[in-house]
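What follows is the residue order along each chain.
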Amino acid sequence: MALAIFNILVFPGFLFLSVYALALEYVDRKMYARLQNRKGPPWFQPLADFIKLLGKETIIPADVDKPVFKLLPVFTLAAVTSAFLYVPIWGTNSLFPFEGDLIVVLYLLTIPTLTFFLAGWLSNSLYGAIGSVRTVTQLFSYEVPLFMALLSPAILADTWKISGMAEFYQAHPLYILLNLPAFIVAIIAIQGKLERVPFDSPEAETEIVAGSFVEYSGRLFAIFRMAIAAELVVVASLAGAIFFPVFAANPWLGFLIYLLKTLIIVAILAVFKSIMARIRIDQMVMFCWRYLAPLAILQIIINLLLKGVLPI
Amino acid sequence: MSKRVVIPIGPQHPALKEPGSFIITLEGEKVVGAQVEVGYNHRGIEKACESRTYIQNLYIIERVCGICSHAHSTAYLQAIEELAGVAIPRRAAYIRSIMGELERLHSHLLWLGVAGHEIGFDTLFMYAWRDRELVLDVLAMLGGNRVNYGINTPGGVRRDIDPEHIQKIRDMVDIVEERNKYYINLALGETTLHARLGGVGRLSHEEVIKFGAVGPVARAAGVAFDVRQAEPYAAYDEAQVKVITDDHADVFGRTVVRVLEIMESIRLLRFLLDNLPEGEIITKMPRRIPAGETVSRYEAPRGEDVHYVCANGTDILERIRVRAPTEANWHGMSHMLENDYLADVSIIIAAIDPCYSCTDRSIVIDNRDSGQQTIFDWKQLRQYSIDWYRNRGVDPAKLANRLPRL
Numbered sequence: 001m002a003l004a005i006f007n008i009l010v011f012p013g014f015l016f017l018s019v020y021a022l023a024l025e026y027v028d029r030k031m032y033a034r035l036q037n038r039k040g041p042p043w044f045q046p047l048a049d050f051i052k053l054l055g056k057e058t059i060i061p062a063d064v065d066k067p068v069f070k071l072l073p074v075f076t077l078a079a080v081t082s083a084f085l086y087v088p089i090w091g092t093n094s095l096f097p098f099e100g101d102l103i104v105v106l107y108l109l110t111i112p113t114l115t116f117f118l119a120g121w122l123s124n125s126l127y128g129a130i131g132s133v134r135t136v137t138q139l140f141s142y143e144v145p146l147f148m149a150l151l152s153p154a155i156l157a158d159t160w161k162i163s164g165m166a167e168f169y170q171a172h173p174l175y176i177l178l179n180l181p182a183f184i185v186a187i188i189a190i191q192g193k194l195e196r197v198p199f200d201s202p203e204a205e206t207e208i209v210a211g212s213f214v215e216y217s218g219r220l221f222a223i224f225r226m227a228i229a230a231e232l233v234v235v236a237s238l239a240g241a242i243f244f245p246v247f248a249a250n251p252w253l254g255f256l257i258y259l260l261k262t263l264i265i266v267a268i269l270a271v272f273k274s275i276m277a278r279i280r281i282d283q284m285v286m287f288c289w290r291y292l293a294p295l296a297i298l299q300i301i302i303n304l305l306l307k308g309v310l311p312i
Numbered sequence: 313m314s315k316r317v318v319i320p321i322g323p324q325h326p327a328l329k330e331p332g333s334f335i336i337t338l339e340g341e342k343v344v345g346a347q348v349e350v351g352y353n354h355r356g357i358e359k360a361c362e363s364r365t366y367i368q369n370l371y372i373i374e375r376v377c378g379i380c381s382h383a384h385s386t387a388y389l390q391a392i393e394e395l396a397g398v399a400i401p402r403r404a405a406y407i408r409s410i411m412g413e414l415e416r417l418h419s420h421l422l423w424l425g426v427a428g429h430e431i432g433f434d435t436l437f438m439y440a441w442r443d444r445e446l447v448l449d450v451l452a453m454l455g456g457n458r459v460n461y462g463i464n465t466p467g468g469v470r471r472d473i474d475p476e477h478i479q480k481i482r483d484m485v486d487i488v489e490e491r492n493k494y495y496i497n498l499a500l501g502e503t504t505l506h507a508r509l510g511g512v513g514r515l516s517h518e519e520v521i522k523f524g525a526v527g528p529v530a531r532a533a534g535v536a537f538d539v540r541q542a543e544p545y546a547a548y549d550e551a552q553v554k555v556i557t558d559d560h561a562d563v564f565g566r567t568v569v570r571v572l573e574i575m576e577s578i579r580l581l582r583f584l585l586d587n588l589p590e591g592e593i594i595t596k597m598p599r600r601i602p603a604g605e606t607v608s609r610y611e612a613p614r615g616e617d618v619h620y621v622c623a624n625g626t627d628i629l630e631r632i633r634v635r636a637p638t639e640a641n642w643h644g645m646s647h648m649l650e651n652d653y654l655a656d657v658s659i660i661i662a663a664i665d666p667c668y669s670c671t672d673r674s675i676v677i678d679n680r681d682s683g684q685q686t687i688f689d690w691k692q693l694r695q696y697s698i699d700w701y702r703n704r705g706v707d708p709a710k711l712a713n714r715l716p717r718l
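Chains as they are written, first to last, in the numbering used here: chain A, 1 to 312; chain B, 313 to 718.
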């Protein structure tokens with residue numbers, strides 16, 4: 001019992017997630033800055049930003065539903081933290097593995113998107129409303145390819161369990177190359193999920209100010225920011241566990257490998273962020289349904305066919 | 313999707329670098345109506361000039377715009393030099409042209425960065441502004457300041473260009489040329505850039521002429537007009553300008569025109585430095601300017617800059633009218649915004665390289681007497697002005713180009 005509480009609150013739960021989220025945010029920002037020929041922030045900048053936001057005045061618009069408005073950031077962070085408990089960190093096993101945890105993680109990762117929508121919609125702001133409509137429009141375009149891309153390796157491994165998939169691909173490392181199209185789809189769709197350039201139109205600063213978060217300030221916004229940073233960690237860990245099947249029996253070594261995998265994914269995302277312009281929401285929808293979804297379906301077909309052929 | 317939403321962009325908005333209001337009517341994400349309301353930055357520049365001497369005015373006029381300060385001060389000085397009948401030395405004319413081209417370099421690089429930022433391409437923003445810094449360093453070296461160089465003075469220029477300055481300009485130009493080749497490739501080849509800029513904010517050839525748009529906006533629609541070539545001033549009679557045009561007639565075309573104009577400016581700079589004549593940089597200029605009026609034109613980085621100066625024989629001018637290039641481009645703005653997406657609004661506004669405070673003048677609509685509004689068409693307005701003068705005993709037909717007694 002005590003161990004479970006420690007696991008949930010400290011490692012690999014809430015505390016570790018928060019610290020690693022800040023660390024990855026730093027890596028992301030520093031890499032982005034270096035790619036842009038800038039110096040970039042010092043290592044403590046994400047933490048400093050977080051503390052500063054905590055100390056700022058929290059302004060709540062007069063005509064919003066106050067309890068919901070205050071609850072949404074916390075709810076987002078809670079959903080992201082829960083999702084993190086089911087992702088393998090130090091080896092092939094996660095904290096509480098069970099058959100179907102992949103679906104649960106994906107479901108929990110959808111909650112932030114919905115809370116972003118609610119945050120914008122409930123804040124009674126035009127920019128917020130437009131931002132939230134864009135958030136949902138974007139959700140409908142990347143969600144299907146993302147799910148298909150993450151589920152098709154599961155089809156080949158014949159399990160809905162993340163640790164089961166990890167074990168399968170550890171036993172057959174070359175099979176992961178077959179999932180290359182799914183990896184490409186996943187990396188692109190992840191950027192839609194995390195609302196990063198080129199898919200950041202839901203919070204496009206120069207168009208709709210900050211989209212869903214336009215009315216959020218102070219402590220509530222700090223929690224939202226933390227939740228977004230944590231979401232990056234969870235998504236990177238999930239993609240690392242599924243697409244980079246390198247694990248070690250030794251938990252310390254396994255943990256180092258985990259750090260390396262997430263760093264690689266964050267680096268890929270930072271490069272994408274710095275080489276592209278923000279594309280319009282209609283272009284985003286068209287791109288996702290015209291290219292990503294068919295590629296993901298192709299992957300599922302390939303995996304279904306291979307399952308009958310390959311020795312497993 | 314038939315429900316219409318009215319969304320304000322401005323007066324305060326992250327996409328706008330200065331206050332200005334754009335009332336956008338949306339149907340879904342599509343803009344169906346746009347109303348442009350500028351005038352938040354009225355500074356009374358023209359009025360301020362009417363109570364100061366010509367020399368003092370130079371400092372006010374230079375501060376009309378932070379980016380094209382040299383454009384405004386040169387246009388103003390050309391006007392008063394013409395009225396005084398003073399011809400500036402050739403070397404001064406060359407130095408003015410060199411400053412003008414350097415200013416164009418930094419202005420276009422600045423625009424490129426802003427455009428990148430507006431479409432969420434911050435890397436382009438950082439790169440372009442890094443390279444702009446090189447140009448600003450050279451400008452600071454030549455004039456003493458990064459933006460208000462203060463190199464112009466009535467009758468010539470205040471500072472000479474030394475051989476070592478020339479070498480430094482050449483070094484800078486080489487680097488900027490190299491970097492700009494990269495931007496040209498980027499502008500012509502990068503997919504997301506083209507997806508965001510192509511077909512956005514269209515203003516066709518006919519519409520450019522109808523709305524009187526100037527500068528890169530006009531040249532991007534194939535209107536080959538450049539004051540440097542049409543009515544050469546300073547050293548442009550010798551440094552022949554090749555007018556850059558494009559036929560995309562959209563924001564993409566404006567980007568292409570600007571990056572290619574950087575190349576043209578670099579070529580002109582090399583020519584000007586190679587052929588810089590020896591001699592004086594300043595001639596004597598009278599304090600009192602003889603009565604008269606004139607219009608002076610200058611090709612600022614944003615388009616044609618027009619200054620009208622009316623002198624009355626004293627050392628204080630009677631009237632000055634500054635028509636900044638942005639003012640000509642505002643007229644087509646709501647047309648450009650309509651039928652595009654909300655996401656494109658900021659880049660369309662940015663694509664004319666707007667300069668709000670340079671443009672804003674006070675407008676008084678006085679209908680106290682009638683209590684109702686009347687709309688004049690062009691013919692009526694012209695007739696009204698003729699009648700207005702006739703009633704005061706002035707026959708415009710007989711005036712020709714003479715100055716009316718004020």
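Please keep in mind that the hints were generated in silico from the structure rather than gathered at the bench. Any given hint might turn out to be false.
Claimed, not checked - Over 12 Å on every C-beta distance to chain B, these chain A residues come out as not near it, computed from the model:
id, residue
1, Leu126
2, Val133
3, Trp160
4, Pro173
5, Phe244
6, Leu259
7, Ile264
8, Trp289
Claimed, not checked - Taking CB as the label site, the calculated pair distances span:
id, chain 1, residue 1, chain 2, residue 2, range
9, A, Asp49, B, Ile487, 43 to 49 Å
10, A, Leu126, B, Ser697, 54 to 60 Å
11, A, Leu253, B, Gly511, 35 to 41 Å
12, B, Thr365, A, Ile59, 30 to 36 Å
13, A, Ile51, B, Gly511, 55 to 61 Å
14, B, Asn497, A, Asp49, 34 to 40 Å
15, B, Asn497, A, Ile5, 53 to 59 Å
16, B, Asp559, A, Val136, 38 to 44 Å
17, B, Glu490, A, Phe6, 45 to 51 Å
18, B, Tyr352, A, Ile301, 57 to 63 Å
19, B, Asp559, A, Ala78, 51 to 57 Å
20, B, Lys480, A, Arg34, 43 to 49 Å
21, A, Leu126, B, Glu519, 27 to 33 Å
Stated by the list, open to error - Covered by chain B, per the in silico footprint, the following chain A stretches (three or more residues, Cβ under 8 Å):
id, segment
22, 26–38
23, 212–218
24, 267–276
These numbers come from a predicted model, not from an experiment. Virtual Cβ for every residue (Gly too), placed ideally from N, Cα, C.
For each hint, the structure was consulted:
1. Leu126: Not fine: 5 Å to the nearest Cβ puts A:Leu126 too close to chain B.
2. Val133: 8 Å, violated
3. Trp160: 36 Å, holds
4. Pro173: Answer for A:Pro173: holds, closest chain B Cβ roughly 34 Å.
5. Phe244: Consistent with the label, A:Phe244 stays out of reach of chain B, its closest Cβ about 27 Å off (over 12 Å).
6. Leu259: 27 Å, holds
7. Ile264: Check passes; 21 Å lies beyond 12 Å.
8. Trp289: 16 Å, holds
9. A:Asp49 - B:Ile487: 43 to 49 Å: Once the Cβ atoms are compared, 35 Å apart, the range 43 to 49 Å for B:Ile487 and A:Asp49 is violated.
10. A:Leu126 - B:Ser697: 54 to 60 Å: Between A:Leu126 and B:Ser697, where Cβ atoms are some 43 Å apart, the hint is violated.
11. A:Leu253 - B:Gly511: 35 to 41 Å: 54 Å, violated
12. B:Thr365 - A:Ile59: 30 to 36 Å: With a Cβ separation near 51 Å, B:Thr365 and A:Ile59 fall outside 30 to 36 Å, so the hint is violated.
13. A:Ile51 - B:Gly511: 55 to 61 Å: With Cβ atoms ~46 Å apart, the hint is violated.
14. B:Asn497 - A:Asp49: 34 to 40 Å: 36 Å, holds
15. B:Asn497 - A:Ile5: 53 to 59 Å: 57 Å, holds
16. B:Asp559 - A:Val136: 38 to 44 Å: Roughly 39 Å apart at Cβ, these two residues keep to the hinted range, so it holds.
17. B:Glu490 - A:Phe6: 45 to 51 Å: This hint is violated: roughly 58 Å between Cβ atoms.
18. B:Tyr352 - A:Ile301: 57 to 63 Å: Once the Cβ atoms are compared, 59 Å apart, the range 57 to 63 Å for A:Ile301 and B:Tyr352 holds.
19. B:Asp559 - A:Ala78: 51 to 57 Å: Holds, since B:Asp559 and A:Ala78 (Cβ atoms, about 56 Å apart) stay within the stated range.
20. B:Lys480 - A:Arg34: 43 to 49 Å: 29 Å, violated
21. A:Leu126 - B:Glu519: 27 to 33 Å: 30 Å, holds
22. 26–38: holds (count 4)
23. 212–218: Answer violated; 0 residues pass the 8 Å Cβ test.
24. 267–276: Holds: 3 residues of the segment 267–276 of chain A have a Cβ under 8 Å from chain B.
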